[in-house]
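Asks: Those protein sequence lines, which keep their order, are chains A and B.
Here the first sequence is numbered in the UniProt record's numbering, starting from 1 and rising by one per residue.
Here the second sequence is numbered in the UniProt record's numbering, starting from 1 and rising by one per residue.
If you're looking for bench data, these hints aren't it; they were derived computationally from the structure.
Treat the hints with care, as some may be off.
What follows is a set of in silico ranges between Cβ atoms, one per label pair, in the way DEER data are often shown [said to hold, decoys possible]:
| no. | chain 1 | residue 1 | chain 2 | residue 2 | range |
| --- | --- | --- | --- | --- | --- |
| 1 | B | V6 | A | F149 | 28 to 34 Å |
| 2 | B | P3 | A | V45 | 27 to 33 Å |
| 3 | B | P3 | A | V10 | 41 to 47 Å |
| 4 | A | E389 | B | V6 | 49 to 55 Å |
Once the Cα atoms are required to be at most 25 Å apart in a straight line, the calculated DMTMM-like pairs of lysine to aspartate or glutamate come out as [unchecked claim]:
| no. | chain 1 | residue 1 | chain 2 | residue 2 |
| --- | --- | --- | --- | --- |
| 5 | B | K25 | B | D84 |
| 6 | A | K21 | A | E315 |
| 7 | B | K91 | A | D360 |
| 8 | B | K91 | A | D361 |
| 9 | A | K314 | A | D437 |
| 10 | B | K91 | A | D350 |
| 11 | B | K91 | A | E367 |
| 12 | B | K92 | A | D437 |
| 13 | B | K92 | A | E284 |
| 14 | B | K91 | A | E321 |
| 15 | A | K428 | A | D354 |
| 16 | B | K25 | A | E321 |
| 17 | A | K21 | B | D84 |
Note that the Cβ used here is the ideal one computed from N, Cα and C, for glycine as well.
Here is how the chains run, residue by residue.
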Amino acid sequence: MDNLIQYAYVVAAALFIFGLKQLGSAATARRGNMISSSGMLLAIVAALLDQGILDYQMIVIGMVVGGAIGAYVARTVEMTAMPEMVAMFNGFGGMASLLVGMAAIAPGADAFTLTTIVLSILIGGMTFTGSLVAYGKLSERISSAAVMFAKQQMVNGLIVAGIVLSGVMFVNNPDATFWLFLVVVLSLAFGIMAVIPIGGADMPVVISLLNSYSGLAACAAGFAVDNNILIVAGSLVGASGIILTQIMCKAMNRSLSNVLFSGFGSGVQDTTEVEGEIKPISVEDAYYVLEAASSVAIVPGYGMAVAQAQHVVKELTELMEQNGAEVNFGIHPVAGRMPGHMNVLLAEADVPYDQLLEMDDINPRMETVDVAIVIGANDVVNPAARENEGSPIYGMPVINVDTARTVFVLKRSMASGFAGIENPLFYKENTRMLFGDAKESIGGLIREFS
Amino acid sequence: MIPAEVFLTFILMLSIFLGFELINKVPATLHTPLMSGANAISGITVVGAIALAGTGESDLAQWLGFFAVALASINVVGGYLVTDRMLAMFKKKEG
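Please model the complete structure; the sequences and the hints are all you need to start from.
Replies: Right, here's the structure in full:
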């Protein structure tokens, strides 16, 4: 029986790997997710068949309650609230690993096992509280600004030193539960301290990093309970999270340590000088320009998510296409609050994915575009990133909307974007500002068209 | 006899490399579903939790296992369902 269970885990691991592979292409992704979930089902069934299990009651209640909550949330969550929900689920995974680590403590455990227990508590704990802070910031229950205070580095250093010390003390003396609880408390504190100094604009990086941690926590828990499937699945997730994190960092031309240890742009003085003047445009005039356009590129940002404008954007796209224009979307990798945030919102509004172009594909075409429409994006279209060495975002690859013949910027007001950086785009000769809520402005354009 | 830890560490190393290879070329369009799908997999902790909740070794371990099972189940069920919901929306242009 024991061997059978182990072989079932091997098959489950193969299903996870195959499922992840299929998730890599839009045509097969849904099947990939099914394959991966059947791997999970197999692993769970195999675990339940373990003869060491004496009492099924707690397990069943736990699975039913947890499963029901998960299913309810997954069905009802708004697509615009996806980033905070993913953050929350991440946190639960981390907490589960922390608990598994604690429950795995048995008399007579060797130093290796004890060390992995400490690791699963540490990583699980910081994933949990870090995810809660990320959830708070994304759902705006707490300020999404970077929270910095004096001696922050010193406090963090003390926490890390405390974790190392209490971890070592516990491994050497497993009966002293005081040190274990100190590890728990300090790990939870560390998660909070690690995420509060990171601003909302950097959340795509944080979310994918936390995702990676939740995998590593499961992996460490796997070592603690001596279970292969936890190690394999956990490290697959850990590695995939790291890759995504790297992609996000590259898209911002920043290093991971730069994201983690400094507020956005702090330390660099913004020397961007703006020339020219703001030229507002009315919905009516914007309509005349769009009506004559034969190619249009739409660049969405977080503002589209906030205004929940994705459905009206789709409607406008259809009207422009009926009018004979070619419409594409330019998606910057860090637009929004999680990796690929814009793709999900536009998919929700039924925009086909082959109309969504990545930055490198749309930039060469930008010069031939008649109208570029920027919806609530600031920093990802800022030409200062290309031109001005003194800008805090200098070097970050951006979508070059300013090379289009005309640029419409949909914006609530002239308040600067998340990074608080001047954007010379708004003052360019070919830029027109369409002030107001994005959803209302686009609604106005739709009425003009129809 | 080679200790079990060595085998486990081998598994760890190979899976990490495999994870890198699997994800490296994924288009940006799929980053969110990929992440929430991977997130659901991280709920694999549920397997460890099941063992601990059912062994009856100590009351504390049982309770910890119970809470771990519940939390990991949220992660697993919610993660897979929401990923499926997202992917169902991704469409190619008809015709």
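Asks: Can you list which hints this structure breaks, lowest number first?
Replies: Of the numbered hints given earlier, those the structure breaks are 1, 3, 6, 11, 12, 13, 15, 16, listed in rising order.
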